[in-house]
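S.K.: Here is what each chain is made of, one letter per residue.
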Amino acid sequence: MDETNVARGGVEPAPRVEYELQLYYWMKLIRAFEERVSRLHRQNKILGGVYSGAGQEAIVTGICAPLHDGDFVAPLHRDMGVFIMRGVDPGRLMAQLMGKETGLSRGKDSFLHGGDLEHAVFGSTSMLGSSIPVAVGAALKFKMKKDPNVAVAFFGEGASSRGDVHEGMNFAGVHKLPVVFVCENNRYAYSTPLEKQMAIENVADRAVAYGFKGHVCSGNDLLAVLELSERAIARTRAGEGPVLIECKTYRYRGHSEHDAALYRDAEELIEWQSRDPIPSFEFYLEKKGHDIKRIREQIDERAKQAVQAAVEFAEGSRLPEPQEALEDIYAPPGAPISPKAPNSSANGAR
Amino acid sequence: MEVTYIKAINAALHEEMRRDENVFVMGEDVAELGGAFKATEGLLEAFGEERVIDTPISEALIVGAGIGAAVLGMRPVVEMQFADFIACAFDQIVNNAATLRYRHGGKAACPLVIRAPSGAGVHGALFHSQNPEAWFTRVPGLKVVAPATAYDAKGILKSAIRDGNPVVYLEHKRLYRSVKEDLPEGDFTVPIGVAEIRKQGGDLSIITYGGTLGQSLDAARIVEKEDGLAVEVLDLRTLLPLDREAILLTARKTGKVLVVHEDRLTGGIGGEVSAIIMENAFEYLDGPVRRVAAADAPVAFSPPLEEFILPSTNKIVDAIRSLAAY
Ligand SMILES: Cc1ncc(C[n+]2csc(CCOP(=O)(O)OP(=O)(O)O)c2C)c(N)n1
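Protein sequences appear in the order of chains A and B.
All residue numbers for the first sequence refer to our numbering, where the first residue is 1 and numbers rise by one.
All residue numbers for the second sequence refer to our numbering, where the first residue is 1 and numbers rise by one.
Treat the hints as calculated values from the structure; they're not laboratory data.
There may be inaccurate statements among the hints.
Claimed, not checked - Here are the simulated DSSO-like cross-link-like pairs (lysine-lysine), alpha carbons at most 27 Å apart as the crow flies:
#1 K45/A x K38/B
#2 K180/B x K315/B
#3 K176/A x K196/A
#4 K38/B x K196/A
Use the sequences and the hints to build the structure in full.
M.R.: Written out as structure tokens, the structure is:
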């Protein structure tokens with residue numbers, strides 16, 4: 001399951017062609033993983049809430065691909081793909097969803113609240129927006145210690161209404177910290193449409209008020225996200241301060257698997273599905289001369305196997321013992337304060 | 001007609017909004033969606049979007065704006081989508097709302113209700129399971145209520161809306177659809193600050209509220225049948241202010257008290273109830289006041305962990321037997 005390694009750098013720069021095929025694979029793997037999770041949820045194999053990011057794969061893929069080892073990422077409830085992109089074993093992710101002992105939080109929490117600091121992925125809480133100040137703090141550390149790293153924080157347009165988001169961005173602007181804020185604007189926060197969330201069109205417009213640049217792109221266009229993210233990450237890494245990237249997108253499924261999303265009209269969904277990031281990218285690959293039919297078959301098979309392996313790993317793992325509920329509340333004396341930090345590396349994915 | 005706990009809350013909102021045009025509802029997804037749990041269903045259709053307001057995801061704003069409207073005579077009922085998110089509005093509640101009257105020399109009031117779906121047992125994990133009452137029960141100026149029956153859910157909510165103070169109204173998610181009863185027609189209220197005996201008994205008292213009332217009653221019935229023990233069950237209903245008289249009455253009557261709550265043990269209400277009894281009814285006791293509560297851990301996700309952490313009927317039965325044998 002280590003084919004994801006390329007994303008974290010440290011590997012020989014791959015030629016562009018291979019890189020693009022790898023991006024395609026990631027999007028497909030993330031979609032396949034999420035679809036399997038939705039199905040498992042319907043089969044009652046996953047308890048608790050499940051929040052699908054289907055339709056938003058291009059954002060996670062485009063943002064994470066240029067990151068280096070040691071770059072700090074704070075994902076959201078729909079960003080299962082971040083874990084995969086950062087090299088977290090999909091099996092452990094699946095085990096997390098099933099409450100198994102081999103999950104990231106050892107059964108303590110559901111879904112994405114488990115982090116994996118060995119892969120520099122910060123586990124969020126449910127309190128939306130609360131990881132924005134944390135990412136800013138990680139960036140503060142990078143600046144203090146002159147680390148060649150950046151922090152990336154994902155958030156929704158809904159979460160952008162929280163004070164924590166404002167407080168974090170303001171401080172990042174004041175100190176020109178190496179942090180990239182990524183807003184996944186999928187038009188709805190649970191049932192609340194964009195127009196009831198804010199009086200302006202773009203979250204990115206707010207960056208001005210914090211003293212840095214905000215950019216808008218189509219979150220369904222992998223190449224558009226990638227181009228912005230490569231540039232933003234490179235500039236932020238070079239010490240030019242924070243950037244806000246807003247990716248316009250749409251979530252296909254309800255807010256959670258329990259939500260039939262009756263508050264939005266079916267046509268809107270169909271309209272957005274016609275702009276699905278995956279076929280768009282396939283079209284691009286085809287235009288470049290790839291035999292997309294053959295590639296799709298191969299990659300679908302690879303993704304299917306990776307997901308199947310993850311499910312088997314998770315299903316084969318044990319549930320935690322009851323008394324383990326009292327473990328991991330405090331760090332034992334003498335325990336290392338920081339996790340084994342991944343090496344910062346100068347190499348990008350290419 | 002049998003009405004569920006959640007329908008009782010919904011009915012109270014409808015009736016109070018009809019009765020008083022100053023009552024309005026505000027929170028995330030409360031209008032068109034009718035609330036994440038459907039507590040505010042139908043309000044938008046009945047009262048329009050001026051009085052049923054979908055807010056951005058801004059808990060500090062939701063409570064703070066509620067305070068602003070309340071000091072000017074409105075009666076806002078605001079919703080935290082889950083009680084856990086109330087932490088995001090903590091400053092507004094404990095510093096702004098709770099001290100408001102005091103710092104205005106008694107010349108202002110804050111008739112604000114903050115509804116918060118609390119409690120565990122639905123696989124909500126760390127951030128969708130909390131019982132935040134102890135964060136608030138040491139804040140003078142606030143009232144904190146935790147109804148356990150459909151009748152109380154409706155009657156206490158009506159009282160909270162008519163009260164002149166900020167009230168944190170904790171509704172237990174697990175009870176929403178599992179608890180139901182026949183409710184009388186027409187208007188009724190249940191007073192804040194008054195506990196209620198749910199079952200009479202002379203051998204031992206259980207003092208409880210909210211999510212653990214049902215478990216306590218089940219446990220009392222089991223030991224009655226199997227051990228011949230007559231257990232009295234007192235439902236506190238209001239956690240701030242506590243009904244000290246009712247607590248002492250039952251303690252003096254039975255001489256053995258078990259306090260049961262789903263909130264964590266350390267720093268929970270159980271400690272306060274126990275101290276009240278120790279200070280005022282020590283000479284009546286035939287044994288130590290004991291507590292059954294959640295373990296001092298976050299409420300974990302995985303079923304064996306969650307079960308280990310939370311109180312249950314079996315754990316209460318064991319505690320009753322051990323205390324009875326003392
Ligand atoms: C502080 C806080 N308030 C409310 C919620 C409940 N909640 C969870 S997700 C959500 C909508 C989030 O919308 P957005 O930030 O746009 O992200 P999306 O789900 O659309 O990806 C809400 C209201 C929460 N998790 N945290």
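S.K.: Please write out, lowest number first, the hints stated earlier that are contradicted by the structure.
M.R.: Structure breaks hint 3 only.
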